[in-house]
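Make a model of the complete structure from these sequences and hints.
Below, each chain spelled out in residue letters.
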Amino acid sequence: MTNLGNKPWPPHRPCRRSLLLGAAAAAALALPLPRAFADVGLRQVPADGQRLPAIGMGTWITFNVGEDLELRKARRDVLASFFRAGGRVIDSSPMYGSSQDVLGYGLEKVGQPDDLFAADKIWTGAGSEGLAQAEDSRRRWGVPRFQLLQVHNLLAWQDHLKTLRAMKEKGLIRYIGVTTSHGRRHDILEQVMRREALDFIQVTYNPVDREAEERILPLAQERGMAVIVNRPFRRGALTAALEGKPLPGSVAELGAASWAQAILQFIVSHPAVTVAIPATTVPLHAKENVEAGTLPLPDARLREQIAAAILSA
Amino acid sequence: MLLEGSYSLDDFLLFSEEVYWRLFEVHNSAFWPLIPPALIAAALLPYLLRAAGDHRRRAAVLVTAAAWFVVAWSFFWVTYATINWAAIYVAPLFAMEGLLLLFLSAQQGIWARKVRSLPGHIGGVLLLYGLLLYPLQGLAMGRPVAAVQLFGLAPDPTALATLGLLMALGRGWRAGICRIVPVIWCLLSATTLYALGSWEAWPLAVAAALGVFIFPRKGADAQGAAEP
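Residue numbers (our numbering), protein chains in the order written: chain A, 1 to 313; chain B, 314 to 541.
Everything labelled a hint here was simulated from the structure, so no lab data went into it. Please note that the accuracy of each hint is not assured.
[Stated by the list, open to error] Listed next, with one range per pair, are the computed distances between beta-carbon atoms:
| no. | chain 1 | residue 1 | chain 2 | residue 2 | range |
| --- | --- | --- | --- | --- | --- |
| 1 | B | Ser511 | A | Glu70 | 17 to 25 Å |
| 2 | A | Ala307 | B | Leu445 | 49 to 57 Å |
| 3 | B | Ile497 | A | Ala166 | 41 to 49 Å |
| 4 | A | Gly249 | B | Ala518 | 45 to 53 Å |
| 5 | A | Gly249 | B | Ala343 | 47 to 55 Å |
| 6 | A | Ala308 | B | Leu445 | 53 to 61 Å |
Glycine included, C-beta positions come from ideal geometry on N, C-alpha and C.
Written as structure tokens, this is what we have:
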């Protein structure tokens with residue numbers, strides 16, 4: 001079993017198993033990023049310039065299927081579709097029930113892209129348990145290491161940031177960050193962002209939940225922090241409410257084929273946003289979500305049109 | 314609607330409705346050897362309730378205690394914990410109810426002699442709902458027979474039947490204490506089902522209310538033994 005304490009980030013020497021898996025995955029999934037990403041859809045992480053596809057995938061609820069083999073296979077298919085479309089950023093948490101295990105199952109079945117961006121969180125009130133939990137999470141995913149570890153919902157953030165910073169200094173992880181959701185605790189988040197050197201923050205942001213625009217997103221730009229956006233569809237409530245309603249013509253002209261894509265275009269068109277992480281149980285939606293990151297971005301006027309159309313729906 | 318608060322009850326759920334209902338199929342499949350004894354127990358309880366004699370009533374409570382132990386271990390500790398980390402905290406609660414029922418079954422002179430009182434009738438209806446109608450309800454809702462929720466294997470029918478049994482048979486504070494965990498579970502499960510958008514939350518909420526408010530009137534059962 002790989003231990004977080006003796007596998008530094010650079011240089012990474014893949015084990016035989018991961019090489020075999022990688023080769024199989026490359027053959028099966030045509031892993032090099034699709035052509036569309038060569039020019040558009042990639043975002044830079046301010047900390048070191050690494051480029052990531054603008055649309056990733058969240059696993060809250062959708063990947064928590066326990067030991068149900070039929071549903072595990074269905075999530076494997078979602079993962080395969082996501083990778084085939086060029087998606088690379090996946091986010092999970094020890095709080096999400098069996099999501100990490102199911103991700104591990106899926107990654108073992110479809111293979112891990114070499115450039116998989118595995119993001120997870122520390123979620124425990126005890127600062128002393130952070131390192132052990134990170135190792136347990138890594139084992140569940142079955143990945144050599146996480147690229148990003150975040151403090152989940154700012155729980156015991158002082159203690160955990162010390163742990164994460166030490167891990168980063170040892171080369172065990174590449175980035176550190178903190179998360180919030182539902183627009184909660186933005187005051188504390190702002191204080192943490194001003195005080196701590198973070199690579200990433202994670203917040204809720206969509207055409208309806210725009211509180212982050214006021215202070216958090218500008219501050220992230222000012223401080224050089226990458227931003228992951230969770231709950232882009234309000235856990236499906238936004239897209240459900242918009243079902244059957246026509247897209248505004250100007251939005252459709254940008255190439256959006258659905259409200260889901262229009263919402264994702266809105267989100268990633270904010271200059272502070274690095275990656276949005278919609279969750280889905282439908283392989284086709286995983287593909288369409290990733291493709292939304294390659295579409296032309298709406299300008300300020302069109303962004304407001306999208307928001308207004310959604311609010312009036 | 315979209316401008317309403319963004320934080321709702323279903324945000325506390327870790328799983329989808331599909332995963333929740335399929336969980337019982339996974340559970341039944343994993344613990345299939347327990348299905349025949351669970352069915353026998355469900356068939357036995359109404360007979361033990363109707364038959365006269367304290368020893369039969371004690372037997373009914375003993376069977377129910379065993380059901381709580383089985384659900385604590387198999388459902389909460391093993392199955393439900395795979396999708397809900399909080400389940401391992403509920404398992405001891407169910408085991409504690411099993412112990413309380415064991416304790417109750419050993420008590421003398423606390424059994425109502427007649428079940429034809431209003432609480433007795435309500436208890437009988439709840440018992441039948443838990444043992445028979447609740448499992449059939451899933452089938453009526455289109456869920457497969459493999460996902461049926463059975464007394465002694467799934468928590469909802471076990472809690473419903475236990476509340477019914479205690480209403481029909483148990484008198485006094487000892488039986489009242491044994492209602493606490495089933496009532497708590499009915500409320501928790503009702504909250505979960507409500508968050509999942511299922512109407513099946515409401516019968517559980519009503520059962521919890523009955524468990525709190527419906528007690529035999531003092532002295533109403535003239536033939537019942539006095540509380541020691």
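Hint check results:
Checked against the given bound of 17 to 25 Å, the beta carbons of Ser511/B and Glu70/A, roughly 21 Å apart, stay inside it. A hinted range of 49 to 57 Å holds for the C-beta pair Ala307/A and Leu445/B, which are about 53 Å apart. The supplied range of 41 to 49 Å is met by Ile497/B and Ala166/A, whose beta-carbon atoms lie about 43 Å from each other. Gly249/A and Ala518/B have their C-beta atoms about 48 Å apart, which keeps the hinted 45 to 53 Å range intact.
Against the hinted window of 47 to 55 Å, the Cβ-Cβ separation of Gly249/A and Ala343/B comes to about 53 Å, which satisfies the hint. Between Ala308/A and Leu445/B the beta carbons are some 54 Å apart, a value that agrees with the proposed interval 53 to 61 Å.
Consistency note: the structure conflicts with none of the earlier hints.
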